[in-house]
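Colleague: Sequence:
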Amino acid sequence: MTDFNLASLLERTAAAHPDREAVVLARPGAESVRLTYAQVDGAANQLANALVERGVRPGDPVALSCPNLPWFPIAYYAILKAGGTVVPLNVLLKGREVAYHLDDSGAKAYLCFEGTDELPIGAEGHRGFTDAAGCELFVAITVDPAGASPFEGTETLGQLMAGQPPTFETVVTDEDDVAVVLYTSGTTGQPKGAELRHRNMRDNALLGEELFGADAGNPDTLLCVLPLFHSFGQTVIMNGGFGYGGTVVMLPRFEAGAALTTMAAEGITFFAGVPTMYWGLLGALDDSGVDVAALAEQLRVAVAGGASLPVEVHKDFEQRFGVTILEGYGLSETSPVASFSRLGHGVRVGSIGQPAPGVEMTLLEPGTWDPIEWSAEDPDRVGEIAIKGHNIMKGYHGRPEATDEAIQDGWFRSGDLGRRDADGWYYIVDRSKDMIIRGGYNVYPREIEEVLMTHPAVSLAAVIGVPHESHGEEVKAVVILEKGAEITEDELVAWGKEQMASYKYPRVVEFRSELPMTATGKILKRELA
Numbered sequence: 427m428t429d430f431n432l433a434s435l436l437e438r439t440a441a442a443h444p445d446r447e448a449v450v451l452a453r454p455g456a457e458s459v460r461l462t463y464a465q466v467d468g469a470a471n472q473l474a475n476a477l478v479e480r481g482v483r484p485g486d487p488v489a490l491s492c493p494n495l496p497w498f499p500i501a502y503y504a505i506l507k508a509g510g511t512v513v514p515l516n517v518l519l520k521g522r523e524v525a526y527h528l529d530d531s532g533a534k535a536y537l538c539f540e541g542t543d544e545l546p547i548g549a550e551g552h553r554g555f556t557d558a559a560g561c562e563l564f565v566a567i568t569v570d571p572a573g574a575s576p577f578e579g580t581e582t583l584g585q586l587m588a589g590q591p592p593t594f595e596t597v598v599t600d601e602d603d604v605a606v607v608l609y610t611s612g613t614t615g616q617p618k619g620a621e622l623r624h625r626n627m628r629d630n631a632l633l634g635e636e637l638f639g640a641d642a643g644n645p646d647t648l649l650c651v652l653p654l655f656h657s658f659g660q661t662v663i664m665n666g667g668f669g670y671g672g673t674v675v676m677l678p679r680f681e682a683g684a685a686l687t688t689m690a691a692e693g694i695t696f697f698a699g700v701p702t703m704y705w706g707l708l709g710a711l712d713d714s715g716v717d718v719a720a721l722a723e724q725l726r727v728a729v730a731g732g733a734s735l736p737v738e739v740h741k742d743f744e745q746r747f748g749v750t751i752l753e754g755y756g757l758s759e760t761s762p763v764a765s766f767s768r769l770g771h772g773v774r775v776g777s778i779g780q781p782a783p784g785v786e787m788t789l790l791e792p793g794t795w796d797p798i799e800w801s802a803e804d805p806d807r808v809g810e811i812a813i814k815g816h817n818i819m820k821g822y823h824g825r826p827e828a829t830d831e832a833i834q835d836g837w838f839r840s841g842d843l844g845r846r847d848a849d850g851w852y853y854i855v856d857r858s859k860d861m862i863i864r865g866g867y868n869v870y871p872r873e874i875e876e877v878l879m880t881h882p883a884v885s886l887a888a889v890i891g892v893p894h895e896s897h898g899e900e901v902k903a904v905v906i907l908e909k910g911a912e913i914t915e916d917e918l919v920a921w922g923k924e925q926m927a928s929y930k931y932p933r934v935v936e937f938r939s940e941l942p943m944t945a946t947g948k949i950l951k952r953e954l955a
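The numbering used here runs 426 ahead of the 1-based position in the sequence shown.
Honestly, I wouldn't trust all of these hints.
As a list, the in silico DSS-like pairs of lysine-lysine whose alpha-carbon atoms are at most 25 Å apart [stated by the list, open to error]: (1) 741 with 859; (2) 520 with 951; (3) 951 with 909.
Distance windows between CB atoms, simulated [what the hints assert, rightly or not]: (4) 847 with 910: 36 to 44 Å; (5) 940 with 520: 34 to 42 Å; (6) 569 with 830: 43 to 51 Å; (7) 635 with 544: 12 to 20 Å.
If you are wondering where the hints come from, they were derived from the structure by calculation, not from laboratory data.
All C-beta atoms in this analysis are idealised placements derived from N, C-alpha and C, irrespective of residue type, glycine included.
Using the sequences and the hints, build the whole thing.
Modeller: Right, here's the structure in full:
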């Protein structure tokens, strides 16, 4: 198959099951919004017609800022239908950052949610559009489709779509054309746009059958709490859900109690989240009022990614829900899935599983492209994870030198440190940039976090390195305590000394009620540092 448009994942299901629910916008305490596949596809066709009418041509980048609302998939597939490239933007960006992304991607148009008091992306997005050099069209996505734009001189999505036919002849694209540009977090330097082909995104979304037992004849109901601008939610939940004819139940923001209530009310069978979401669900379970037994009976699959899942969270979730979390691994540059524990194949707690079908992984000598062979004499040897397969991006948008640094002979180097066992199961040790060097010894924060979370008083921990005069770096733990628990810094340090080697245990402990997190639920260690 050489001619393929990612929008086909929606179109094929809409043709086969037009009346099946495609999207549910859950609104705890209010009536949910429900759209069928025919309605989502028809609305995407209307918007595609409007975009073409306004000058969007095949290959044109179109930026999209939208939380988890039905407008996201409608706009996403409309851009693809028109032959454009979707540039999803983090809804927490400020105006200056929006302008950078619009300029760097060369976006021709920008579809932006009007925002709320809690999420002022509309004002920030419009300011960024105004400051951007080449973006020609700003369209406000309003909660009320008939509402006016809050920004003078701009149109709304409703106005743009008004009068457009609900049919559209999708632009034929080659499967190697760029479908989506996903911007990396930019922890070092400016964010870079990973160019993902139609086939990258398609093949990754359709791994669901082999990895998770997805069945188009008995489709899942998937809870979408992962932000759709991020590759995990976009591929595993939205594209994967639509590709297998499932129903995607959206929550605009993750709140543990609301998530549990929605899971019970909507009969959720598939949950995907980052580790802090699982931690939140467990913490809210007893006060949620939901029938845990009934919830456990309906939940078919639970998957985790985006960061390392603490072993204690893994064990607690299985004990309460009767479901073993399938942990996986990937990056924006890998569409994102690179490896997973597969349903029905068992798990190894703490492992990110084995390479996904069609994907290879290996370990490299740090700072080189030389592979490390597994050896029984040194079974825990650590190297940088490298990935090869159908999921690897085309390159970084407009950055050929950065692309050449990251990709060689089809292999992409991840920047993550890991090890593998004799059976080819991989284990993340840490991000290479997060590794602490204390007195010449390598200290991996994740290992320390895992140990700290076995203490009965510790609910969540993040470990970072802080400057030290003689050791270079010192190990510091930032800790959230269990409800009602009491322990002093000295007591936790002393306990850590008993549990870990002398160069590993944290000498500094800070207690907090919460930790800074990204919109995807990852702990922001650079803010802690």
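Colleague: What hints, given by number in increasing order, does this structure fail?
Modeller: Hints 1, 5 and 7 not satisfied by this model.
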